[in-house]
Each structure stands twice: as C-alpha cells, then as structure tokens.
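**Q** Produce the entire structure from the sequences given, and follow the hints as far as they go.
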Amino acid sequence: MSFRFPGAPGAGRPGLWLLLLLTLSTVRLGWAQAPTACALSLSGRVADHESRADLPGATVVVLETQQATETDAAGNFHFHLCAGLYHVRVSFLGYQSETAELRLERAVVRNFQLHPDAVALRGATVRGERVLAPTQPTATLSGQALQQTRGQALGEALQKISGVTVIQTGPSIFKPMIHGLHSNRLTILNNGVRQEGQQWGQEHGPEIDPFIASRLTVVKGAASVRYGSDAIGGVVLVEPKPLRDSAGTGGELNLVGMSNNGLGAASGTVEGNVRRLPALSWRVQGTAKRAGTFRAPGYYLKNSGFQEYDFSAAAGWRKETYGLEVFYSQFNTKIGILPAAHVGSPTDLQLAIARDQPLKTSGFSYDVERAYQQVRHDVAKLTGFVETGSAGRLTATVAQQTDFRDEYDKFRPRNDNLASLNKPELSYTNRTSTAELLWEHRRRHNLTGSVGVAGTYQFNRYANGSRQFIPFYTNTAVGAFWLEKWQRNKWLLEAGLRLDHRNLQVKRGDRDSSGVYFVDRRQFQYTTPAASLGATFDPTTHLTLNLATGLTRRAPAANERFSDGVHNAQYELGYDLVPGNGPLVPETALNVGLTATWHDNPRLNGEITVYQTRITDFIYQVPILPAVVTIRGALISWQYQQTDATFRGVDVAGTYQLAPRWLLGAKGSIVRARDTRQDQWQIFMPADRAEVSLRYDFSNQPATHFRQSYVQLGGYAVARQTRVPDNYAERDYKLPPAGYALLGLEAGTTIHWGRLPLDISVAGSNLLNTRYRDYLNRYRYFTDEMGRNVTLRVRVPLELSRASSSGT
Amino acid sequence: MYSFNKKSISRIAMLALLAAAPLFSACNNDDDDPTPDDDNEQITTLTYTLTPAGGGTPVSATYRDLDGDGGAAPVIGSLTLAANTTYTGVLTLLDETKIPVVNTSVEILEEADEHLFWFESTPANLVTVTRTDRDKNNLQIGLQTSLVTTAAATGELKITLRHQPGTKNGTFAPGDTDVEVKFNTTVR
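Chains as they are written, first to last, in my numbering: chain L, 1 to 808; chain Z, 1 to 188.
I should point out that these hints are in silico values taken from the structure, not numbers from a laboratory.
Virtual Cβ for every residue (Gly too), placed ideally from N, Cα, C.
If a hint is listed, it holds; no wrong ones were tucked in.
Ranges between beta-carbon positions, derived for each pair:
hint, chain 1, residue 1, chain 2, residue 2, range
1, Z, Thr35, L, Tyr366, 36 to 42 Å
2, L, Asn503, Z, Thr51, 55 to 61 Å
3, Z, Leu109, L, Leu768, 52 to 58 Å
4, Z, Thr86, L, Leu351, 32 to 38 Å
5, L, Gln523, Z, Thr35, 17 to 23 Å
6, Z, Thr86, L, Gln350, 32 to 38 Å
7, L, Gln350, Z, Thr35, 35 to 41 Å
8, Z, Thr92, L, Asp356, 37 to 43 Å
9, L, Pro725, Z, Asn103, 43 to 49 Å
**A** See below:
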C-alpha cells in the first residue's frame with residue numbers, strides 16, 4: 001500500500017511540494033551544513049515500510065542540533081555532524097513519525113522505513129474536497145501556526161493567510177474576505193458540510209467553533225466546479241483531525257486567556273478507538289468562551305462582551321472497503337452590540353460619526369446587555385463510503401443544519417407585558433438539508449477524477465412577532481459536476497464542468513403606502529454553469545508554477561434581493577426593492593490566477609500569486625446617503641447595487657533563513673478593484689497591507705525541560721485606502737481612516753512536565769496601544785479598534801490509556 | 001472491466017438512498033405565509049396639536065410613516081404659529097399598521113412613570129414648551145403641554161420620547177429614544 005497524496009493521486013509531487021511549502025511556518029527548515037571540524041557523515045534512505053518505495057521529500061531532523069533536511073528524489077538524506085549521541089526524527093505527511101537514537105563515532109548509514117499513518121491516510125481519502133484542489137492556490141493553517149490563533153474567531157484567525165482580510169462589525173464579529181470577495185461569494189466547509197448560516201448580514205460571523213479544526217485551509221480563487229456557484233471568491237475548509245484508529249484513548253486541552261477583554265476560553269477533546277472493535281472510533285469535543293468589554297486605547301467599547309458555548313461529537317465505523325461516520329455539533333453564542341450606532345436625528349448621526357470616541361463608554365463588565373445577538377447553529381452529518389471494487393470509491397454525505405438567530409434591539413417594548421417576555425425583535429430560523437454523492441475513479445491512463453451530484457434544500461422563516469428583515473424563502477438547488485486530472489511527469493492538468501439549477505421562492509410581507517398589509521410572492525429559476533481549467537508544472541525540484549482559471553455564474557441570493565429593515569441599528573435594503581430597479585440578474589465571474597512557488601531551498605522560500613477576476617453584474621452594498629430616517633432617528637443605511645467589476649491583485653508570502661535559527665518572514669497583499677461600468681474604483685476593498693516577522697528558534701538543550709522554544713517579533717501595517725469611488729464624501733458617511741502599523745511579540749515553548757509536553761505561548765498584539773480604525777469595520781464610523789492585548793495559550797495533549805509513540 | 005460485487009452494489013444502493021433522503025423528507029410545512037408582525041410595536045404617526053389658549057383654530061403638525069422603517073420616506077408636516085401667543089398642546093401617537101389602529105399615547109399614559117417627552121426648539125427662544133401633566137411619582141410627562149411664542153422667527157421644534165423604565169428621574173439622560181421627530185416651525 002503506497003501513500004498517495006490526496007491532491008495528486010499516483011505520484012503526488014506537485015501538491016505535496018506546495019503543501020510543504022505552505023506549512024513552512026510549522027516545519028522549520030534548517031540546512032545540513034556544519035563546521036568543518038565535525039564532518040562525520042550520517043546518511044540513509046527513507047522508504048515506505050510496506051511497499052519499500054522511496055519517500056522523497058520526507059523531513060529528517062537532528063533534534064539536538066535542529067539541523068533539518070529533506071530527502072532527495074531517491075529518498076536519501078545526508079548530514080555532517082560532530083561525534084556524539086543524537087536523536088534523529090523522520091517525518092513525512094501521511095506516515096507515523098519515527099525517532100531513532102544514534103551514537104556517532106564514525107560515518108553512519110541509518111535507513112528508516114516509515115509506517116503509513118492509517119489515520120491520516122484514510123482521512124485524506126475520505127474527504128472529497130481535499131482530493132480536488134491541487135491546481136488551486138491554497139494556504140493552510142495548522143500545527144503551531146494554528147495554535148497561535150487559538151481563542152480567536154474563525155475569520156480573525158484566517159487573516160494570518162496572505163490575501164485573506166475581514167469585514168468586521170465591532171471587535172468580535174469577523175467575516176472572512178478573500179481577494180476582496182466575501183459573504184455570498186465564499187463557501188465555508190465545516191467538517192465537509194457547507195456552512196449555511198445566515199449569511200445575510202455583514203455582521204454575521206461564521207457560526208463555527210475554530211477549536212474543532214486541526215487544520216484551516218483557504219482555497220484562494222474560484223472553486224465553483226467542486227463546491228457550487230457560491231465559491232467564486234474561494235473556499236475555507238475547517239477540518240477536524242480524522243478519527244483515531246489506533247486503540248486507546250487520548251485527548252487535548254486548550255486554555256486561552258486575554259488581557260484586553262478578560263477573555264477566557266477552554267476547549268477539550270477526548271477521542272478513542274475501541275480495542276475490541278478496532279473499526280469503531282469516537283470523539284467528543286467542547287468549548288466554553290467568555291469575554292468582557294473590549295478596550296480601545298483610552299476607553300471601553302461599551303457592551304462588547306460575548307459568550308460562546310460549543311460542543312461536537314463524532315463516531316465512525318471503518319473497514320477496509322466501507323465506512324460510516326456520524327457527526328453532530330452545536331454552536332451557541334451571545335454577542336453584545338455596541339450602542340454607539342444608536343443615535344437620534346441625522347444631525348446626531350453626523351455628530352456621532354465626527355466624534356473622536358463614542359459618547360457612551362463604560363467600565364469593564366462580562367454582562368451583555370441589549371442590544372445583542374443570540375445565535376445557535378446545529379449541524380448533523382452522516383457520511384459513508386464504499387470501495388467500488390477496482391473502479392474507485394463512492395462517498396455519500398447527507399447533512400442537516402439549522403441556524404437560529406435572535407437579535408435583540410437596544411429598545412425594549414413599551415408594553416410591560418411584552419417587555420417582560422424579553423422577546424427578540426428579530427427571530428430567524430434557517431434550515432438547510434444537503435446531500436452529495438461523489439464517485440472518485442482510480443487512475444487510468446494518467447487520468448484520475450470524480451463525478452458527483454449535490455442537492456440543497458433551504459428553508460428560511462421568521463417567528464411570529466419578529467420584525468421582517470429577510471422574507472420567507474425556500475431555495476432548492478441541484479447540481480452535477482465532473483472533474484478530471486491528467487498527470488504525467490512534471491505536468492498536472494485539470495478540467496472540470498458543473499451545472500446547477502436553483503429555484504428560489506420568496507414570500508414577503510409588505511405594506512402599501514396607505515399601510516395595508518399584503519404578501520408579495522415571487523419565484524425565480526436559474527440554471528448556472530461553471531467550468532474550470534488548471535495546470536501545474538514543476539520545471540525544477542524547487543519551483544512549481546500553477547495556472548488556474550474558472551468561469552462561474554452565480555444566482556443572486558434572497559438577501560441581496562429582498563432584505564429590508566433595521567437590525568443592529570443599521571438599515572439594509574435589497575436591490576429589487578430599491579425604487580426603479582428591476583430584478584437582480586446573476587453574476588458572471590471569470591477568474592485567472594497564476595502562482596509561482598519557490599520551495600525547499602535552504603534560505604529563501606516563498607510564493608507569489610497574481611490574479612484577475614472579472615465579474616459582470618457584480619452585486620455589492622453601498623451606503624445610502626442621506627441616511628434613512630425612521631421615527632427613532634437616522635440610521636447608517638445600506639443598499640445593494642449591481643455593476644461590472646474587475647479585481648486584480650498580488651499576494652506574496654516568503655521566508656528567508658538569515659542565519660541558523662533566525663527566520664525572517666514577510667507577507668503582503670494588494671487588491672485593485674475597478675467598477676468598469678462607472679470607470680472608477682470599487683467601494684469597500686481592502687487596503688494594501690504587509691506583515692514582517694523575525695523569529696528565533698532556540699536550540700533544544702538536552703538537559704532542560706524546554707523544547708521548541710521560540711521568540712517572534714512581528715509588525716503589521718495597513719495603508720489608507722485611497723482607491724475609492726469619486727466624490728467619496730457623498731458616497732460614504734466617513735472617509736477611509738488613516739493607515740496604521742501594529743507591533744506584536746510572541747514567545748512560546750514546550751515544557752516537558754513529567755510525560756506531558758505542555759505547549760505554552762504568550763503573545764502580545766498592538767503592543768504600542770495604537771489607536772486606529774479599519775476601513776472594513778462597520779463600526780469604524782463610531783469607535784476605534786481594540787487596544788493592546790496579551791494572550792496566554794496553553795495546550796495539553798492527553799494520552800489517557802496508551803502511551804504515545806509519535807512524540808508530538 | 002470495473003468489477004462490482006453484490007455486496008458493494010447493495011452498499012452503493014444504501015448510500016444513494018441515504019443521499020436522496022432529505023430530498024423526500026424536507027419538503028414539508030413550507031407553504032405557510034408571513035403574517036403581519038402584530039406583537040412588534042411600531043409608532044407610525046405623531047401629531048402635535050396646538051390650540052390657542054384664548055380660543056381660535058387649532059394648529060397641528062404630523063409625522064407619518066405608514067409603511068414602517070425604510071420604504072417610502074415619512075411625511076413630515078410643519079407648524080405655523082402666531083407671535084406672542086400661548087397654546088395648549090396635545091401629543092397623539094398612533095400605530096396605524098394595526099387593525100384597529102393602536103393609540104400609543106394611551107399606552108404611554110398608562111406607563112407614564114416610564115416615559116418623558118422632551119421639547120427643544122432651535123433657536124432656543126423660538127418657542128417655550130412647558131409640560132403640564134405629571135405621573136404618579138409627580139414627574140412630568142409631556143403628553144399635555146403649554147407652548148408660548150414671542151417674536152416672529154423661524155426654526156425647528158424637536159420632540160423626543162424617552163423610554164426610561166425604572167430609571168425616570170425627570171432628566172433626559174436615562175433610557176432610550178423611542179421617537180425623535182423634528183417639525184419646521186414658523187412664528188409670525
């Protein structure tokens with residue numbers, strides 16, 4: 001049995017190189033040079049234990065000196081060392097790591113034969129989505145890089161990846177944005193299930209507990225063929241570890257504390273595999289998180305605390321030729337909404353926007369008062385696979401998710417009886433059932449591929465007595481896709497086709513100008529195609545070139561057409577309801593991206609992506625000026641528009657090994673978006689940004705209890721967004737804020753406390769307590785961003801019944 | 001060439017059935033219609049009626065937004081008053097989206113100890129408004145007022161309803177704004 005990298009069945013090279021490079025932040029590359037005085041040679045060959053096949057690209061680390069190398073094309077490695085006792089660890093994706101003790105007195109040849117890590121292998125092949133994204137630029141957060149984001153919201157954590165920014169609403173709600181595209185144009189897969197939260201508000205963060213993931217992957221650029229037309233902008237994969245398959249019980253405990261808002265988070269996982277029933281594995285996981293008032297430099301952001309309680313459970317039954325897995329998760333959160341947006345007349349609104357800091361601030365408190373959001377998201381999933389003889393594998397997934405969203409206004413009802421019920425002013429339920437059947441065929445004539453059908457049934461309602469904001473709607477979508485990859489030598493080509501049919505039925509309550517209530521019923525049908533073509537070429541062992549293109553049509557969603565009303569003190573209006581507008585038409589996106597990856601070099605490694613996305617009939621939101629006036633006063637107001645837009649940009653990320661143990665890192669991203677219909681810049685695009693970090697990794701002293709210690713200094717700078725539509729003062733309530741630079745410092749180590757390796761880190765962000773606002777935060781009109789924050793993180797791996805052999 | 005044994009075919013059939021299950025089961029109770037949000041309080045209309053103390057034709061101004069927040073813009077009237085005159089003022093608030101129409105001012109009077117109307121004119125000497133009604137705690141309410149004009153001038157009169165459950169103390173600050181309406185006002 002040979003390990004096959006999921007991205008490239010068969011040989012597995014290009015995808016693997018890419019992945020290795022992208023996880024550079026977690027894999028430290030040193031180089032096998034040493035003082036000439038110590039020239040004892042340690043060499044050997046790394047192979048697969050079962051098939052005896054060479055394993056090129058495996059990582060070999062001398063733990064004492066932290067020298068590291070990768071095996072060459074024949075699986076060979078080579079070090080020069082002084083005489084002494086060493087521990088050498090060999091690791092390779094999909095295999096169990098092995099550590100050997102070696103006494104070096106003369107040249108030594110030591111071969112390693114790695115056992116396939118059945119857990120990782122199976123996990124990798126079960127999931128359809130990982131199989132099919134090699135010709136797309138992807139970036140991954142896992143291991144230590146992911147650990148460094150623990151305690152943050154999903155969207156916040158994803159900002160570590162170049163090209164990913166966020167739309168924020170206050171300090172705790174983050175919506176990810178890839179290459180300037182967000183919301184209905186990004187697909188988030190939570191453990192293989194397409195997240196169908198209530199995407200309709202820009203202040204609705206993804207309802208996902210990031211602690212569930214052992215890996216966060218971002219596919220930058222359209223992946224619509226595999227994931228459906230809503231993946232024009234990209235895909236975020238939230239992936240838990242595969243279920244345990246070696247007998248025993250283990251787990252992990254994560255603790256996070258933050259100084260700025262008194263955040264405390266605890267997340268624990270326990271998982272096991274039943275000794276007597278090796279096919280049966282299980283896992284339970286839970287997270288509790290609570291934060292008090294956030295602090296901007298100089299004042300507290302009133303009512304900005306939140307609470308979050310999540311849990312999930314999974315069980316799997318797995319045999320060689322078939323397997324079944326059930327998964328259930330629940331996410332609960334209560335998030336305070338800043339009262340700063342609640343003002344009176346248009347004049348008061350102008351004053352509030354002009355003010356340096358909000359009129360009403362507060363002290364520190366964990367209490368969340370009105371206004372707040374209360375959200376619950378349930379996911380139930382059943383997935384199974386069958387090996388279809390020599391032909392391939394058939395996988396079926398069914399899932400149901402329900403999203404309950406209650407929004408409480410700052411104002412209580414006047415009627416005391418009503419007020420005592422403490423009902424939300426907005427109470428929405430969105431239920432989505434999804435199903436997918438996927439058949440992956442084995443390699444034939446250098447071709448691998450998959451065919452699939454997918455269906456979605458979505459049902460959106462609001463409770464009796466709730467204010468209407470999004471109408472009742474029912475959305476049915478059926479799609480079929482076919483993806484094939486051809487691989488030979490240094491080339492990998494991929495092509496795919498998809499067709500979706502969507503039926504959207506909307507029932508909207510409205511009043512005519514004399515106040516008489518009526519129900520407006522509408523039905524829309526769309527058939528939207530998607531196509532993709534990609535190529536990956538490895539001209540040398542250190543360079544990978546990738547070209548990805550995609551064509552997608554996306555049908556407009558109900559919120560883009562029919563949102564109407566006030567929530568969280570902002571007013572929003574759908575396109576179809578703007579007087580004089582006809583119905584929205586589907587968007588058509590043509591996406592081209594070129595990525596060059598320079599990898600496995602001793603010093604400089606990096607990646608650069610240039611892209612262009614042309615979207616005709618691009619749907620976006622703009623402020624309504626002057627603000628909409630209600631009987632309670634004026635509100636920041638938004639409406640949807642449609643135009644033609646072109647997005648161009650560059651993402652750069654790289655590391656440079658300055659000296660042994662000194663690693664310099666840099667990232668940057670630039671987006672240029674033009675509204676070509678009006679020949680001007682597109683509104684609300686991320687400003688240019690860059691990040692630089694310098695990291696020092698301490699050598700592991702055998703005598704101490706500290707391992708893998710590091711210190712990292714980082715700077716993050718964002719420019720003022722100057723590329724905005726003409727006459728900007730008449731288009732937005734406030735001009736884009738000034739650029740800013742933030743300083744961060746982080747230190748971490750692994751302490752061996754008895755047999756427990758505790759990962760501990762302390763990270764300070766915005767250390768200079770810089771006062772700043774971000775263009776893409778909806779509360780920038782009223783408040784500054786969060787000030788200085790120090791985060792303490794502790795991770796405790798637990799092996800409850802069987803001693804761990806992997807040493808991680 | 002591809003080999004399928006019986007067992008795997010039955011498993012495939014099972015998977016296919018599984019995949020199709022939600023398509024059969026999910027299509028229930030989706031033919032309901034949205035209903036008017038009767039529990040959701042609204043104020044669509046505010047009328048300030050001023051009757052000259054010495055008798056004469058009452059003057060009034062109305063703010064009216066029948067289709068609620070957004071949609072058609074509210075219709076906002078204006079006041080034209082005589083100089084050097086004292087008026088008796090009455091505020092009426094309605095929710096005209098309900099059938100029958102809800103008289104919100106009656107509700108406000110019932111919970112007078114939680115409500116305060118605030119009157120503010122620009123320029124400050126345009127008109128002088130004095131609240132003449134009081135709640136059970138002897139704090140002013142503002143549904144009933146006396147308005148006095150002096151010299152001819154133009155400006156605006158802002159009327160704010162503060163909802164102050166448990167916190168009313170006669171000042172503006174506690175609680176939240178339930179209504180804020182401005183009328184262009186001319187004294188001549």
